[in-house]
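Protein chains: 2
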Amino acid sequence: MQQSLSVIITAGGIGSRMQSSLPKQFLQVLGEPILLFTLRRFYTILPEAQFIITLPTDWHSTWNDYLLEHNCSIPHLVLDGGQERFHSVSNALQKATGQVVLVHDGVRPFFSQEMITEALNLLGEKRGVVPVIDLTDSLREVLPEAQSRPVDRKRFKAVQTPQIFRKEELMMAYNQEFQSDFTDDASVFEAWGGTILMVNGSNDNLKITHPRDLVLAQEMAKSL
Amino acid sequence: MQQSLSVIITAGGIGSRMQSSLPKQFLQVLGEPILLFTLRRFYTILPEAQFIITLPTDWHSTWNDYLLEHNCSIPHLVLDGGQERFHSVSNALQKATGQVVLVHDGVRPFFSQEMITEALNLLGEKRGVVPVIDLTDSLREVLPEAQSRPVDRKRFKAVQTPQIFRKEELMMAYNQEFQSDFTDDASVFEAWGGTILMVNGSNDNLKITHPRDLVLAQEMAKSL
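Protein sequences appear in the order of chains A and B. If you're matching positions, the first sequence starts at 1 in the working numbering and goes up one per residue. If you're matching positions, the second sequence starts at 1001 in the working numbering and goes up one per residue.
Be aware that a few hints might be false.
[Stated by the list, open to error] Straight line, CA to CA, 25 Å or less: simulated DMTMM-like cross-link-like pairs of lysine to aspartate or glutamate:
#1 A:Lys154 with B:Glu1032
#2 A:Lys154 with B:Glu1084
#3 B:Lys1126 with A:Asp204
#4 B:Lys1154 with B:Glu1141
#5 A:Lys222 with B:Glu1032
#6 B:Lys1222 with A:Asp204
#7 B:Lys1222 with A:Glu219
#8 A:Lys154 with B:Asp1181
#9 A:Lys207 with B:Glu1177
#10 A:Lys207 with B:Glu1084
#11 B:Lys1154 with A:Asp152
#12 A:Lys207 with B:Glu1032
I should point out that these hints are in silico values taken from the structure, not numbers from a laboratory. Here the structure is a predicted model, which is why all the values come from computation and not from measurement.
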């Protein structure tokens, strides 16, 4: 792990799916906001990395209050979240100093060190690495006029983060115009001409999206 | 709810994904095997229904032991699970006495009464009803030679159970030859010529597949 690293943690959510007025990145796991929990885990695993958090401007002062309350002195930059996740990452890349960039959802605290080590070894020229897992439920494709059809779930993988790229390449990818089908960094990178290598993610690496996820996160945090 | 109901609960799993030698339907939630927990919830919601459980033959005596241990006297039939889920359901339909059939995964104890009531109202001629939810993670399609491509997750829904049909129609559907792309009852029903109406499932209605699901199930069971 000789290359310098930047970790971009996106935290743009406004929490609508959580039935909570607080954005989901600030909901508490073991008495700590999820975003802080995620930052701490990264710092433990990659203490030399540069950390950049993108957060809607309205929540910067709340974040500062949390840092004080929890005595967090992990060095990091806080940038404005853009209108879309695309713009947040694009802004963050301007400030990233690492040769390699890890882009990560702020509400996924349970990523694994092994996955990151594997991904860093597999990174190559115009080749990004993303963790994926199998789907558990059967899948249907929604068609026009309330129609739908079954599709084979084995044909698909669910994509997780961190998604890992050479910084210079990802910057070039993010110089493209925004398109509405850019749902993650991998899709931006591929539209630019890069290829994606999929590695095994983990079912533990959940994205905290629904109230039930918070219950689970609480239990998982206890056993870390 | 004037129609007579049969509930077919499939429990064919051998537990390989659970890192446990016990099939996942027998793992414990609040001191009770999940399958028993599921049966009990159905009995509470639909006390008049007929219950049929499909279970691999090797596990019938274990199931009987559990029934005794937990003083369960809910009337139900236990049938052999077939080679595939398709064959299990097909066998169960031969014994089903209800005009309407609900086919359900034995490892999904947290279905909702509201969904079942809604589905029974929406059932129609050659129209089955299945609960679906949005996908949380980004999605990639796996292509030959280790290639993959991003797909819009909004085009897809994750399918849950119970899946609900008129019994006579589902029996005709199950008279078809088995095909490897029959992953659930909806796909069998459609291949026969039926249509599927999708209704809102729930994120709480999880399929207990991985160890982390068991942790969550434990917490959810407490708050029922």
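(request) Would you pick out the hints that fail for this structure and give their numbers low to high? (result) 1, 3, 9, 10 and 12
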